[in-house]
Amino acid sequence: MRFRFTQTAIDAAAARSELLDPGAGGFVTFEGWVRNLNEAREVTALEYEAFQALAVKEGERILAEAAARLPIKHALCIHRLGALSLTDMAVWVGVSAVHRGEAFEACRFIIDEVKHRVPIWKKEHYRDGDSGWVNCERCAAAPHAHGAAPAEANREGRGGTHAHGHEPNAA
Amino acid sequence: MSSPARAAVPAPAVFGLVLAGGSSTRMQRDKAALEYAGKSQLERALELAARHLGRVFVSVRAAQAADPARARHPLIIDSVPGEGPIAGIRSAFAAHPDAAWLVIACDLPFLSDAALAQLLEQRDPAASATAYASAHDGLPEPLCAVWEPKAAAELAHYQDSGGQCPRKFLMRHAVKILQPRDRRALDNVNTPEEYRAAVRQLDSEARKPMQLKIQYYALMREQAGRSEETLESAAPTPADLYAELTARYGFTLSRDQLKVAVNSEFADWSRPLAAGDAIVFIPPVAGG
Numbered sequence: 001m002r003f004r005f006t007q008t009a010i011d012a013a014a015a016r017s018e019l020l021d022p023g024a025g026g027f028v029t030f031e032g033w034v035r036n037l038n039e040a041r042e043v044t045a046l047e048y049e050a051f052q053a054l055a056v057k058e059g060e061r062i063l064a065e066a067a068a069r070l071p072i073k074h075a076l077c078i079h080r081l082g083a084l085s086l087t088d089m090a091v092w093v094g095v096s097a098v099h100r101g102e103a104f105e106a107c108r109f110i111i112d113e114v115k116h117r118v119p120i121w122k123k124e125h126y127r128d129g130d131s132g133w134v135n136c137e138r139c140a141a142a143p144h145a146h147g148a149a150p151a152e153a154n155r156e157g158r159g160g161t162h163a164h165g166h167e168p169n170a171a
Numbered sequence: 172m173s174s175p176a177r178a179a180v181p182a183p184a185v186f187g188l189v190l191a192g193g194s195s196t197r198m199q200r201d202k203a204a205l206e207y208a209g210k211s212q213l214e215r216a217l218e219l220a221a222r223h224l225g226r227v228f229v230s231v232r233a234a235q236a237a238d239p240a241r242a243r244h245p246l247i248i249d250s251v252p253g254e255g256p257i258a259g260i261r262s263a264f265a266a267h268p269d270a271a272w273l274v275i276a277c278d279l280p281f282l283s284d285a286a287l288a289q290l291l292e293q294r295d296p297a298a299s300a301t302a303y304a305s306a307h308d309g310l311p312e313p314l315c316a317v318w319e320p321k322a323a324a325e326l327a328h329y330q331d332s333g334g335q336c337p338r339k340f341l342m343r344h345a346v347k348i349l350q351p352r353d354r355r356a357l358d359n360v361n362t363p364e365e366y367r368a369a370v371r372q373l374d375s376e377a378r379k380p381m382q383l384k385i386q387y388y389a390l391m392r393e394q395a396g397r398s399e400e401t402l403e404s405a406a407p408t409p410a411d412l413y414a415e416l417t418a419r420y421g422f423t424l425s426r427d428q429l430k431v432a433v434n435s436e437f438a439d440w441s442r443p444l445a446a447g448d449a450i451v452f453i454p455p456v457a458g459g
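Read top to bottom, the protein sequences are chains A and B.
For the first sequence, the residue numbers in the numbering used here are 1 to 171.
For the second sequence, the residue numbers in the numbering used here are 172 to 459.
Keep in mind that the hints are not guaranteed to be accurate.
Restricting the straight-line Cα-Cα distance to at most 25 Å, the calculated cross-link-like pairs of lysine to any residue (SDA-like) are [to be verified]:
1) K123/A to Q394/B
2) K379/B to E403/B
3) K57/A to K379/B
4) K347/B to E49/A
5) K57/A to K347/B
6) K123/A to A395/B
7) K123/A to A64/A
8) K430/B to E415/B
9) K57/A to E113/A
10) K430/B to G129/A
11) K384/B to E113/A
12) K430/B to F5/A
13) K430/B to R61/A
14) K321/B to H307/B
15) K430/B to V56/A
16) K347/B to F281/B
Calculated directly from the structure, the hints in this document are not laboratory data.
Pulled out of the complex, with its shape left as it was, chain A reads as follows:
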């Protein structure tokens, strides 16, 4: 049960090989990708940064929780940091288990919890030259009225589950 960061492209094949297990009959992965559109704004690039000391602890707690809830064999989550371009992989989650059901369920649990709990931040760069920290600048504008750049004020944040991800519910 590992959680780690990488500054370079995530090697999904190598990650998969870490989860191989003769007792595992199912293997499920989730990949989050950088998408070109978020809340009706055209995104050209992303930057990720993390408070790594705490993020790794919290990420590993999430994996341990998944293993405590569900009978899985192995789980791994790798999150990319730094500057990413469209179609780059931002996050990879893999789970191996005896049966597919637990693997699907655990994979979904892990990515949902990672998005909500792990101190990772995402800055979006837009086609119009503007940029903003996802989930931070719109909600900063609301209570203070003067908080963020006016261009941010109309964005609809939804708890960090947008910007990319090829799974319908992740976007």
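Mind docking chain B on chain A? Use the hints.
For chain B alone, coordinates are given in the frame of chain A:
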């Protein structure tokens, strides 16, 4: 002793009398034992008085004389009938008839050196007492006041006539009234709520600035204009520190939008900070 030079007659020496004989009914605990910044109010009052006066006594009822916290100090045990501050003050005069008494109640946690110094400097030995006017109602404050020896007979007469209230006594006698320079010095503490508020205030003031390391990420980093810094702060909790830094950097996120980590673990906003702690304010996350 810096009393005004009044010709030939030297002013009586002033002794200290800390009143620790009350029943603390509203507080439901012995006020003398309440602690502020790690020290009981009785000890605080005695130390404060001892910085200004040669001899300091604790006024107690007979039933309290064996209490260990009181018994280790010079005591004046009530020797005149009746209850309350007047009995204590009269008992002090009975023990040392030639002394004036700087009387201090045991529920004044904000009492200060400045307040005692002003009282002693501006004392009028020719009056029955020198007292402050209350900041709240302008009436004389009997329980942080200098009582002159001539008040002894007046108090006896007042009490014999059925009087019990030292404030009313002062209002009816020749008393020099001072306006306190330290306006909060006479704020007294009667209820558990008032006590908690006073503790928090005094603890915070007693704290010395300590070195804290702050790391900034994402929006916080951009708004602070730095990714980390080591600074001196007396902020008792992360909540206080965030308020302090918001005043400095104009952070746009309110505290309820953030989480906080101390030493690389999520922490409560009210957790006490210690020197060397590393603090990270965590804006809304957006991984994945």
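Evaluation of the provided hints:
The straight-line distance between the Cα atoms of K123/A and Q394/B is roughly 14 Å, inside the 25 Å bound, and the hint therefore holds. Restraint check for K379/B and E403/B: the C-alpha separation of about 9 Å stays at or below 25 Å, so the hint holds. Of the supplied pair hints, the one linking K57/A and K379/B is violated, its CA atoms being roughly 33 Å apart against a limit of 25 Å. Pair hint K347/B plus E49/A does not hold up; C-alpha atoms about 68 Å apart against a cutoff of 25 Å.
For the hint linking K57/A to K347/B, the alpha-carbon distance of about 67 Å lies beyond 25 Å, and the restraint is violated. Of the supplied pair hints, the one linking K123/A and A395/B holds, its CA atoms being roughly 17 Å apart against a limit of 25 Å. The straight-line distance between the Cα atoms of K123/A and A64/A is roughly 29 Å, outside the 25 Å bound, and the hint therefore fails. Between K430/B and E415/B the CA atoms are separated by roughly 16 Å; this keeps the pair inside 25 Å, and the hint holds.
About 13 Å separates the Cα atoms of K57/A and E113/A, which keeps this hinted pair within 25 Å; it holds. Note on K430/B and G129/A: the hinted pairing is violated, with a Cα-Cα distance of about 30 Å set against a maximum of 25 Å. Using a Cα cut-off of 25 Å, the hinted pair K384/B and E113/A is violated, with the two alpha carbons roughly 29 Å apart. Proximity of K430/B to F5/A is assessed by CA-CA distance (about 21 Å); at most 25 Å being required, the pair is judged to hold.
Taken as a hint, the K430/B and R61/A pair is honoured in the structure, with Cα atoms around 17 Å apart against an allowance of 25 Å. This hinted pair does not check out: K321/B and H307/B have alpha carbons roughly 28 Å apart, beyond 25 Å. About 17 Å separates the Cα atoms of K430/B and V56/A, which keeps this hinted pair within 25 Å; it holds. For the hint linking K347/B to F281/B, the alpha-carbon distance of about 22 Å falls within 25 Å, and the restraint holds.
Hints 3, 4, 5, 7, 10, 11 and 14, counting from the list given before, are not met by this structure.
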